[in-house]
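The residues making up each chain are set out below.
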Amino acid sequence: MPVIEVRDLVKKFGEQIILNGVNLDIYEGDLKVVMGSSGSGKSTLLRCLNRLEEPSGGRIVFRGENIMGADVDVRALRQSIGFVFQQFALYRHLSVLENVTLALRKLKKLSAAEAKHKALAELERLNMASHAGKYPSQLSGGQKQRVAIARALAMDPAVVFFDEPTSALDPLMTREVADMMNRLHDEGVTMLCVTHDLKLAGQISDKVVFLDKGIVRAEASIATLSQNHDDERIRAFFAREADY
Amino acid sequence: MSFLDIVIQLGRGLGYTLLVTLCCSVTGVLVGLIIACIRRIGFYWLRPLLDAYAYVFRGIPVLVLLFIVYFGFPSIGLKVTPLLAMVLSLGLISAAYLSEVFRGALNSVDADEILAAEAMGLSRLQVFNCIELPQMLRFSLPGMINEFTTVLKYSPFAYTVGIPEITKQAMTLSAATLHGVEIYFAVGVLYFLIFRILLFAVQLIEKRYRIPGLVLKQRSNI
Chain A
1 MPVIEVRDLV KKFGEQIILN GVNLDIYEGD LKVVMGSSGS GKSTLLRCLN
51 RLEEPSGGRI VFRGENIMGA DVDVRALRQS IGFVFQQFAL YRHLSVLENV
101 TLALRKLKKL SAAEAKHKAL AELERLNMAS HAGKYPSQLS GGQKQRVAIA
151 RALAMDPAVV FFDEPTSALD PLMTREVADM MNRLHDEGVT MLCVTHDLKL
201 AGQISDKVVF LDKGIVRAEA SIATLSQNHD DERIRAFFAR EADY
Chain B
1 MSFLDIVIQL GRGLGYTLLV TLCCSVTGVL VGLIIACIRR IGFYWLRPLL
51 DAYAYVFRGI PVLVLLFIVY FGFPSIGLKV TPLLAMVLSL GLISAAYLSE
101 VFRGALNSVD ADEILAAEAM GLSRLQVFNC IELPQMLRFS LPGMINEFTT
151 VLKYSPFAYT VGIPEITKQA MTLSAATLHG VEIYFAVGVL YFLIFRILLF
201 AVQLIEKRYR IPGLVLKQRS NI
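Line by line, the protein sequences are chains A and B.
Each residue of the first sequence is one higher than the last, beginning at 1 in my numbering.
Each residue of the second sequence is one higher than the last, beginning at 1 in my numbering.
Derived BS3-like pairs (lysine-lysine); straight-line CA-CA distance at most 30 Å:
(1) B:Lys153 to B:Lys168
(2) A:Lys118 to A:Lys108
(3) B:Lys207 to A:Lys116
(4) A:Lys106 to A:Lys116
(5) A:Lys134 to B:Lys207
(6) A:Lys118 to A:Lys134
(7) A:Lys12 to A:Lys207
(8) A:Lys106 to B:Lys207
(9) A:Lys118 to A:Lys106
One side only, chain A facing chain B, incomplete, derived with CB under 7 Å:
(10) Gln79
(11) Phe83
(12) Gln87
(13) Ala103
(14) Tyr135
These are calculated hints, taken from the structure and not from any lab test.
Keep in mind the model is a prediction, meaning the values are calculated, not measured.
The C-beta atom is built at its ideal place from N, Cα and C for all residues, glycine as well.
For reference, chain B alone in the conformation it holds in the complex (with noise of 0.2 Å):
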């Protein structure tokens, strides 16, 4: 097996992994934003079941809500791809840290400039829209990159449910090269620069968005 065979196979898991990783992370964003909105701007009759969710969805492991989804499934006649029990187990997890990422993030959302725009004669979803919304997400955006790394930190289950992400390639190519130390550090090396454009990529939109001149008090140790 020559270098190159190696490089192949490792840059065909890397798309896998990348795969899973995005359609877990975007699941988790728009369920969590949406449970996030709802929680707070109304459906009350819905807020406990949202509540059970959150509560429930972060205190399972992924891999077991993994096996519910893609072994259990089908004995009740559902039948789901791989990639749709990673989002509907790893997907739904995040969504519910991330459900609450959002809520802390509206929390702090000062409550005179929602007063104010409801004294404009605003509506409730126009306040959200208009006021709340946009600087929830900028608040959550530290949140939000926290929780793709645990994302992409937990996308190697993935192979458990047959997807050839980076880390099963590596597992069959150290078996047949027998260089497994220096193939776990190459694939080490790769989710690390994953991680740094990630964090990259938030940074950019972090600074395309700050608001100028904001400066979250701090409390300081001096």
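If we strip away everything but chain A, and leave its shape as in the complex, we get (with noise of 0.2 Å):
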């Protein structure tokens, strides 16, 4: 059984479609690529999934439960779900430790020992616990989004969003990142990530998934995908962003 099963998924903006009938499957264990370019609805592909955006139709499984429609926890399946963003979203106010522990106290109830052990185990996890007294400020980029996949983390979730993890951080940073990201993947955490970042993908993923006007185009390897594909729009991604 799938953690994720995306069946038709329709997403409007008014008279604007974003999502126009996707399907996905995503596994335990999975890390799972999907790429696209800006406008090709792949972070409202995310934001669908936890419901920070109503999906408009369709049918979304989650761990064997549909969870669409009003009367679903949306709350609880948000604390199931941990999340990686573009820009980090760190906490400016808390420091790196209080970030990570923030939803362990709040969510999770536990006490501020409990909290504090689980979140630097999650920091070790992500080589950061030696920061685990600064403020984000202080941090390097990569710094920042390692903290902000071990806060994620440290709910336990069944699967990790990312968001763009890598376009706000230059190569090195990238390389930083999809190493993290491939250590968890052989460690069996479960993944979903969406990027235009051909870089990232080819460190993270032999295997992508293709969405371009609200649609998945192709599912195939990038090796495949970028050698004169016969499919004319994911060519002219390709041709743009390895000009990149």
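Reconstruct the complex from the two isolated chains, following the hints.
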């Protein structure tokens, strides 16, 4: 049974159709990469899956349960989905440690000591434990993103979403984040990553889902997609991204 | 009248000035905070009312409102003490200004951080308490010190409703001693000292709660 099963997902903003029937399965232990140019609906897809956006139609099944509709406990759903953002979105008034403990204290109701223990373990996993006392503004971009990943993992989510995790990072830091994601993949963490960064995609996955104009155009290895694919939109994307 | 008498009388006035300033400032912060919070997190039907309050109270002179409250309310059967009249006029006017200060500070909280907190599964109220409020209070400190200073400098109006604060004492003393210039000079220095101490206290708070490493982006003129 997939962790997340997406069927014919539609999202409209007024007249504008952002997602036009997306189908996607994410299985346990997957590191699924969704690629596409800006405006292809990648971020909207992620936000529909944890109900930050209301889907307009279709079906989303999360661990066997339908999560569409008004009677779903959205907050419980979000607690089982980690979310890592492009701009890191660390809470700037909280230390690295407090960033990670916040949800543990407020949502899992752990004691201060338990939360600290768990948070330090997650920071250790991301090689950030020695920075626990620092504040977000004192960290580099790559370090911030690692803290954000630790923060997401601390809740023991069923899946972690990455929304363009490296587009605010230089190539070296991209490598740093990619290495971390690969390690988490080896450890069995289920991940769904949307990006238009070919470098990142190449470093973390050999198979990607190509999203364009709100539909999945192809699911194949990057090599297959980039080698003169018969789909014109895919050819155009890779020609553009390769220049970049 | 000895020098000591003058000092004692000014000291008594100083106490009233501090009392009025404190009561009106605390009222301003509390009411201003409540307004800013409600505007931010819901009660949409209350919003036009709060907007109207912030709009109208910023436009009324303190003295006019003070007289409406102190002399007007008894005529409809509401007896107000002088201090309460100050709180209901100066305090509520400063609340209107502070609610705008708080609103501006809330708008500088990074929208991404709020989204991240929601994506974690925190409730709207938890997001407000844990993310927006602590940042907002830090961002509004400069605006708050401004408003406290304004309240301090409006506090002499209290004498018009019979509170013998420092300016009133100075008027009495200058009539009794014929040393008006010296006395008003001393009073001016006293006001400045209060201001300086207030500023010092806020700077301590600012330092205590400063976010390490955070430099808010400023545009340089070079």
